[in-house]
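Trainee: Starting from the known structure of chain Z, fit chain D onto it as the hints suggest.
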Amino acid sequence: MSCFGYGLSWLFRAAGFTRIYRPDKCQGDVKPKIYISDETSPREKTAIAAALRCTVILPIEEYIGCAAIRTISPCKVITACGGFNTEWFHAALKRLKTDSVLIFSTGSVGYGGAVVLSLMSGAEIVPLCSRSSRRLIRQRRIMIGAPIVPEGNYALSAEWVNSEIKRVDMAISAIRGAEV
Amino acid sequence: MNTLNELRAILTGISPEIAEMPLSEDTRLIDDLGLDKTRLLLFAVSVEDNFDIRFVGSPKIHTLGDIIRYIKNFSKGLVMEHENGTYT
Chain Z
12 MSCFGYGLSW LFRAAGFTRI YRPDKCQGDV KPKIYISDET SPREKTAIAA
62 ALRCTVILPI EEYIGCAAIR TISPCKVITA CGGFNTEWFH AALKRLKTDS
112 VLIFSTGSVG YGGAVVLSLM SGAEIVPLCS RSSRRLIRQR RIMIGAPIVP
162 EGNYALSAEW VNSEIKRVDM AISAIRGAEV
Chain D
171 MNTLNELRAI LTGISPEIAE MPLSEDTRLI DDLGLDKTRL LLFAVSVEDN
221 FDIRFVGSPK IHTLGDIIRY IKNFSKGLVM EHENGTYT
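Protein chains in written order, with my numbering: chain Z, 12 to 191; chain D, 171 to 258.
Think of the hints as simulated: they come from the structure by calculation, not from any bench. Predicted, not measured: the structure shown is a model, and the values here were computed from it. For glycine and all other residues, C-beta sits at the position ideal for the given N, C-alpha and C. Honestly, I wouldn't trust all of these hints.
Partial pick of chain D residues on the chain Z-facing surface, computed with a CB cut under 8 Å [to be verified]:
#, residue
1, 185
2, 201
3, 207
4, 210
5, 212
For lysine to any residue, the following SDA-like pairs were computed, each having C-alpha atoms within a straight-line distance of at most 25 Å [said to hold, decoys possible]:
#, chain 1, residue 1, chain 2, residue 2
6, Z, 108, D, 218
7, Z, 87, Z, 43
8, D, 230, Z, 53
9, Z, 108, Z, 157
10, D, 242, Z, 93
11, D, 242, D, 228
12, Z, 177, D, 197
13, Z, 177, D, 216
14, D, 207, Z, 61
15, Z, 42, Z, 110
16, D, 207, D, 187
17, Z, 105, Z, 142
18, Z, 177, D, 207
19, D, 230, Z, 74
20, D, 207, Z, 50
21, Z, 87, Z, 109
22, Z, 87, Z, 170
23, D, 207, Z, 118
24, D, 230, Z, 110
25, D, 207, Z, 53
26, Z, 108, Z, 88
27, D, 207, Z, 49
28, D, 207, Z, 42
29, Z, 42, Z, 61
30, Z, 87, Z, 70
31, D, 207, D, 197
32, D, 207, Z, 171
33, Z, 87, Z, 173
Same shape as in the complex, but just chain Z (with noise of 0.2 Å):
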C-alpha cells in the first residue's frame, strides 16, 4: 500500500523511483529503437512513456478517452485511426529517424504495427515489462529484454509478420517470468 498516495507520484517520477533494468546487449546503443509492451493499465502506460522519453504510438479513441494518458506531452505522442489511415505510419516512420517509439500491445497499432515498421524502418523491436515493488516507497522497474532485430531476409507477408509477432510474443513472456 503506497503511504504517500496518487498526488505526490510525479515527485517519485521525478526523483528517479522508476528503474530502468537493461540486459548488457542494449547498453552504450543510441540507435532509435521500438520499444513494445503488453501493459494495459492507463498509469502504468503513463509511467512507462515518461520513464523511456520517447514517442509514444497509441490508438486515438484511447488517447482522447483516459486523462491519464493524456498526461504524455501531444508533441511525444503519435496517434492511430486503424483501418486505411496510414498517416500514423509515416509520421511514426519520420520520428525513428532520431527518436525511439513506444508502442503497446492492445489497440489499433500492436504488435503487428510494430513488426511492420520494424521492417520498414530497419529499427529494432525491444520488448519490455513494468513491474511495481512492495516497498514502504513504491518503486517502479521497468524490465528491458535482448532487442529483436528485423532479419535481412524477409517478405513482407502476413506469414512472416505473425512468426515475428510470435517471437515478440515469447520475448515479453520472458521478461516477465525472469526475475531481477
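Mentor: For chain D alone, coordinates are given in the frame of chain Z:
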C-alpha cells in the same frame, strides 16, 4: 495490367491463399478476404508504395472497388471525403 489484377498481386504477396479466390470490385476486404488489422496495414502500405498514393484522413474503404476509385481520384487530385462516406 489493370488495377484489379495489380491489387490481386499485392494481396497474394501478403496472403498466398487469396491467389485462388475470385476477386471483383465488390469483394469486401474484411468479410470476404478475412484481412485482420496487420494484413490491412500491410496491404495499405503496399498499395501506397505500388501506386504512389497516400491514404489521407479516414477513407471509407471496405471493398476493392473503393480502393480502385480512391486510386483514380487521388491520381486526379480529387480526393475529397463527403459526410455520407463517399468521396469524389
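Trainee: Looking back at the hints listed earlier, which ones does the structure fail to meet?
Mentor: 2, 8, 12, 14, 17, 22, 24, 28 and 33
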